[in-house]
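Residue numbers (numbering that gives the first Met the number 0), protein chains in the order written: chain A, 0 to 175; chain B, 0 to 152.
FYI, nobody ran anything at the bench for these hints, they're computed from the structure. Just to be clear, a hint being listed does not mean it is correct.
Derived BS3-like pairs: lysine-lysine, alpha-carbon spacing no greater than 27 Å straight-line [claimed, not checked]: (1) B:Lys102 - B:Lys40; (2) A:Lys37 - A:Lys171; (3) B:Lys102 - A:Lys28; (4) A:Lys152 - A:Lys91; (5) A:Lys152 - A:Lys171; (6) A:Lys37 - B:Lys102; (7) A:Lys152 - B:Lys40; (8) A:Lys37 - A:Lys91; (9) A:Lys88 - A:Lys171; (10) A:Lys108 - A:Lys88; (11) A:Lys152 - A:Lys28; (12) B:Lys40 - A:Lys171.
If you want the footprint, here are the derived chain B segments under chain A, 3+ residues with CB under 8 Å [to be verified]: (13) 40-52; (14) 62-68; (15) 85-92.
Where a beta carbon is used, it is the ideal one built from N, C-alpha and C, also for glycine.
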Amino acid sequence: MKHVRYLVPMGILLVLLYFLRAGLSLNPKEVPSPLIGKPAPEFSLPRLDQPEQRISRADMVGQVWVLNVWASWCVACRQEHPLLVQYAKQSKVPIYGLNYKDERAAGMKWLADFGNPYTASISDRDGRVGIDFGVYGVPETFVIDRQGIIRYKQIGPLTPEVLRDTIEPLLKQLNS
Amino acid sequence: MRRLLSRFGIHIVLALACGGALAAEALPASDNPALEARVMKISSELRCLVCQNETIAASHAELAVDLRRQVREMLQNGQNEQQVVDYMTARYGDFVLYRPPFKPLTALLWIGPAVMVVVGLGTLFVVLRRRSRLADEAFEADDKDVSHDPHLS
Chain A
0 MKHVRYLVPM
10 GILLVLLYFL
20 RAGLSLNPKE
30 VPSPLIGKPA
40 PEFSLPRLDQ
50 PEQRISRADM
60 VGQVWVLNVW
70 ASWCVACRQE
80 HPLLVQYAKQ
90 SKVPIYGLNY
100 KDERAAGMKW
110 LADFGNPYTA
120 SISDRDGRVG
130 IDFGVYGVPE
140 TFVIDRQGII
150 RYKQIGPLTP
160 EVLRDTIEPL
170 LKQLNS
Chain B
0 MRRLLSRFGI
10 HIVLALACGG
20 ALAAEALPAS
30 DNPALEARVM
40 KISSELRCLV
50 CQNETIAASH
60 AELAVDLRRQ
70 VREMLQNGQN
80 EQQVVDYMTA
90 RYGDFVLYRP
100 PFKPLTALLW
110 IGPAVMVVVG
120 LGTLFVVLRR
130 RSRLADEAFE
140 ADDKDVSHDP
150 HLS
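Work out the full structure, taking the sequences as your base and the hints as a guide.
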């Protein structure tokens, strides 16, 4: 019975170590989005390539689609881009680009230089739609279902693993 | 000497140019000091998600500038502080709040330190009281045989 007393500090230490481990394994840059499971925000923005045409949230309802937030000034976007170009070739899901806080000419040149994986890009010049989507670390990627509900958000560049293990199964499930 | 002077001249011109640019940036975004004060008050309660240990009020990140603009516009439209805070948490979650709300998920965060202090003080109190009640014989000198010490046996 006496030994139990010495187990108590040990137990407390283990609990503290558990929290420390849990804390260290979390990435503080990845803030869980409150928008998951909520309807995508309203937007109506001009197309990057044809500014006289607008694309709005209502145009998207009825299809599962991916929204990728990018900018020509964003270094991590460039790192992600080849993967997106390759994925767009093999997948049927429409990928829309949100050109976030970017100059139109710079954005167009970027797509011409590195390839255009997007069904269309829309231009969020002043970043207001970005704020509505809770964007804070470009690139970000959203998966939005037929009803216009946000189902997944990736903060930072996509990786082959995320595409294969998370996004692909989710798209399959949403499209079935 | 002349070359040196012209070099310095360039530096001075550059320095003045930078100073001018900074001065232009520091201009208040609206000429209503009362409104600006409210914007700064709310902004200093909100975390900048790009540089997470800074408030929106203190940060120079582009997102922080945009969010300050958003706060300003909402206040100009007659919305109150709670509405601004709700707007931000709807988009970025409780994490934007420097003072997170008290709810089951954050209970440990709020109560944890207090619980630890109470447990620590309680333990200290119990240990000290037990010691003060021990008879003098319990505190033997180190060089003596300790096999009869009730604490160590």
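Consistency of the hints with the structure:
{"no.": "1", "hint": "B:Lys102 - B:Lys40", "result": "24 Å, holds"}
{"no.": "2", "hint": "A:Lys37 - A:Lys171", "result": "20 Å, holds"}
{"no.": "3", "hint": "B:Lys102 - A:Lys28", "result": "23 Å, holds"}
{"no.": "4", "hint": "A:Lys152 - A:Lys91", "result": "19 Å, holds"}
{"no.": "5", "hint": "A:Lys152 - A:Lys171", "result": "16 Å, holds"}
{"no.": "6", "hint": "A:Lys37 - B:Lys102", "result": "21 Å, holds"}
{"no.": "7", "hint": "A:Lys152 - B:Lys40", "result": "31 Å, violated"}
{"no.": "8", "hint": "A:Lys37 - A:Lys91", "result": "24 Å, holds"}
{"no.": "9", "hint": "A:Lys88 - A:Lys171", "result": "17 Å, holds"}
{"no.": "10", "hint": "A:Lys108 - A:Lys88", "result": "20 Å, holds"}
{"no.": "11", "hint": "A:Lys152 - A:Lys28", "result": "13 Å, holds"}
{"no.": "12", "hint": "B:Lys40 - A:Lys171", "result": "47 Å, violated"}
{"no.": "13", "hint": "40-52", "result": "holds (count 3)"}
{"no.": "14", "hint": "62-68", "result": "holds (count 3)"}
{"no.": "15", "hint": "85-92", "result": "holds (count 5)"}
Against the hints set out earlier in the document, violations occur for numbers 7 and 12.
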